[in-house]
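As they're listed, the protein sequences go chains A and B.
If you count by the numbering used here, then the first sequence holds residues 24 to 321, one letter each, in order.
If you count by the numbering used here, then the second sequence holds residues 816 to 1150, one letter each, in order.
Worth flagging that the hints you see were computed from the coordinates, not collected in a lab.
Keep in mind that a hint or two might mislead.
[Stated by the list, open to error] Partner residues aside, some chain A positions facing chain B, computed with beta carbon under 8 Å: (1) 50; (2) 164; (3) 165; (4) 199; (5) 260; (6) 263.
Positions of the beta carbon are idealized from the N, C-alpha and C atoms, including for glycine.
Here is what each chain is made of, one letter per residue.
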Amino acid sequence: MRTAEGYRKLIWKAKIRWLIGNIIVYSIVCIPLVPIILMYGWLIAQAFSGVCISSLIPQKLTLDNFYFLTGPIYWGGTPLYKSYWPLVRNTLLLALGTTGLVVAITSLAGYAISRFEFKGRDPLLKSVVVVHSIPGVLFLIALMYVLNTIGLYGKGFLTLLSVIIIKAGLESPMYTWMLKGFFDSVPWELEWAALVDGCSRFAAWRKVVMPLIFPGIAAVSIFAFLSGWGEYLLVLTYITDRKWYTLSLALSELTYQFKHVDYGMLAAFSLLYLLPAMVFFLLTQKYLMTMRIVAYKG
Amino acid sequence: MSKKFSNLLRGYVIRPKASISISGLGGFKSFLKEKSRTFFVIAFLTPFLAALTIMYGLPCALSVLMSFTDMGLSFELHFLNPLLKNYYTIFHVADPRVPVVAQTTILYVGCTLLINAGFSLVLGVLTAYCIRNENVASVLRLLWFLPRMTPVIIYALLWLWFTDPTYGPLSIVSSWIGLKGVRWLLDKPYSQLLMILVNGYIGASWGMVIYVSSIKTIPLEIIYAAKADGATDWDVIRRIILPLLKWPILFVTSWQTLSLLGSYVEILAIWDGYSYTSGVEVWSLFTYHTAFEGYRFGYSAALAIIMATIALILVAIYFKVFGFKRMLEPSRIEV
Chain A
24 MRTAEGYRKL IWKAKIRWLI GNIIVYSIVC IPLVPIILMY GWLIAQAFSG VCISSLIPQK
84 LTLDNFYFLT GPIYWGGTPL YKSYWPLVRN TLLLALGTTG LVVAITSLAG YAISRFEFKG
144 RDPLLKSVVV VHSIPGVLFL IALMYVLNTI GLYGKGFLTL LSVIIIKAGL ESPMYTWMLK
204 GFFDSVPWEL EWAALVDGCS RFAAWRKVVM PLIFPGIAAV SIFAFLSGWG EYLLVLTYIT
264 DRKWYTLSLA LSELTYQFKH VDYGMLAAFS LLYLLPAMVF FLLTQKYLMT MRIVAYKG
Chain B
816 MSKKFSNLLR GYVIRPKASI SISGLGGFKS FLKEKSRTFF VIAFLTPFLA ALTIMYGLPC
876 ALSVLMSFTD MGLSFELHFL NPLLKNYYTI FHVADPRVPV VAQTTILYVG CTLLINAGFS
936 LVLGVLTAYC IRNENVASVL RLLWFLPRMT PVIIYALLWL WFTDPTYGPL SIVSSWIGLK
996 GVRWLLDKPY SQLLMILVNG YIGASWGMVI YVSSIKTIPL EIIYAAKADG ATDWDVIRRI
1056 ILPLLKWPIL FVTSWQTLSL LGSYVEILAI WDGYSYTSGV EVWSLFTYHT AFEGYRFGYS
1116 AALAIIMATI ALILVAIYFK VFGFKRMLEP SRIEV
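Full structure from sequences and hints, please.
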């Protein structure tokens, strides 16, 4: 027979074991997060600090770091960039253009692949997986030759336009996969009913199915926008005209020049660049679970 | 739903008999309808097929061609004699950088895989099963997602500050433990450790999401039954969750291997200009540098083709091991 004292001891033991277990669990998940939290915290603190800091406490609070919003960005007397806003325009063009193209391509193809059986459907699906596994640098090199041959390399706006098309083309196969899953989940009876009532097939797609897969379209557009907004490699490789630089390209150049000297301006620049991405990221979090192969890169 | 039945459902549009009996159309009209269906499919697929051909097919064919040439800045397809000279250079180690780069790549893929597939499994199990408060768990998952959602060049800047010799916390902390004067980005074992961590922070979240969504599909009855029989949490994880995660683990490991073979953007952004001397020049980055800094497009195409061949062999193996369906539906638990 156990006494009340014995039971109390047992309960205490269980409580201590629970506490230790929780401490272990939380430390495994949280301790590796410390550098990440430090970095993002620093970015915010540094953007408003007058001197370079190595902690999260801002010193000499100031807004001077944001001077680039109203004037040119100087380096040793020579203006590197006349203004900040063309960079924003170019980045927006790239992000929105990619999103528009990707949504157009994937919503058409995803529907056709989901609803119709045709010769070569399965090989097509398999080829999407296969081509996506090939390292991206191969396409970068070959497309450089293509761009140069058709005379679109180093042509200012036309080059930006071709970067948009290249980016959308490279990303659409995997987004098509993702959207096909959404189309599969719409019951076909709905379209059938529309067709029987005299709807054309295009109208059935446009007016019946598309509104139903809005969450899928939203997820695809948000992913495509984020990826276009942060795109670095394609613009670094293909865009040579400073008038058409994007925020990522400008930031990489500024980092090269200002590192060790003016972290404040870099942090302010990054913070503004990061904000739209973070807003979109918070909007996406409910779609995180729909990320499958789409976002496997990295 | 049986497979046959679902196929029947999906193919409803192409079965003219069904549509005739419903709409009561005559033979000629059904012929027209069949034509319009073909037209419809072609119209819907054309942009997609164009993207696939121009952005994927054409470059693949072109780089095979380019790998037989010594194409430089003049962009002339001038074939080499012997034709496979670029490949000889690589395989006969006429280029002393190739073995170094290959070693770095193996180190990079192997070690980062431990984080991307191994540590992400720990994260997935802990945030999906051990942390019972769903709000806390999802906030933690969001924090782990931050690096992936950040534009790569900002991520690079954050690491540059973190490892800055004067202001960076890493340098300050490491000087406390006797590593004074270590240049984390430049000195060899440390820079390689950073290379693995930088990519691990981005890669961990993807595996985590796959594992979490797999664990969420495990029927709770199984876990309740085990608990009623006196199993501890550790028993549940070891005897129920991990065995059921067999396919997701294989899936994450295999896709991450492929993606790591091709990834180099973060390294390019952080170690711009001194990646080779810091020992972080992976194969893809070496290919990129050969093409866009050395302007040896022919040679770099050969380097890329070798990497692509390895990736394709891996994919073929995966298709054999997984079957097509499992390769794309990682989170389905087979109880």
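Hint numbers contradicted by this structure: 1 and 6
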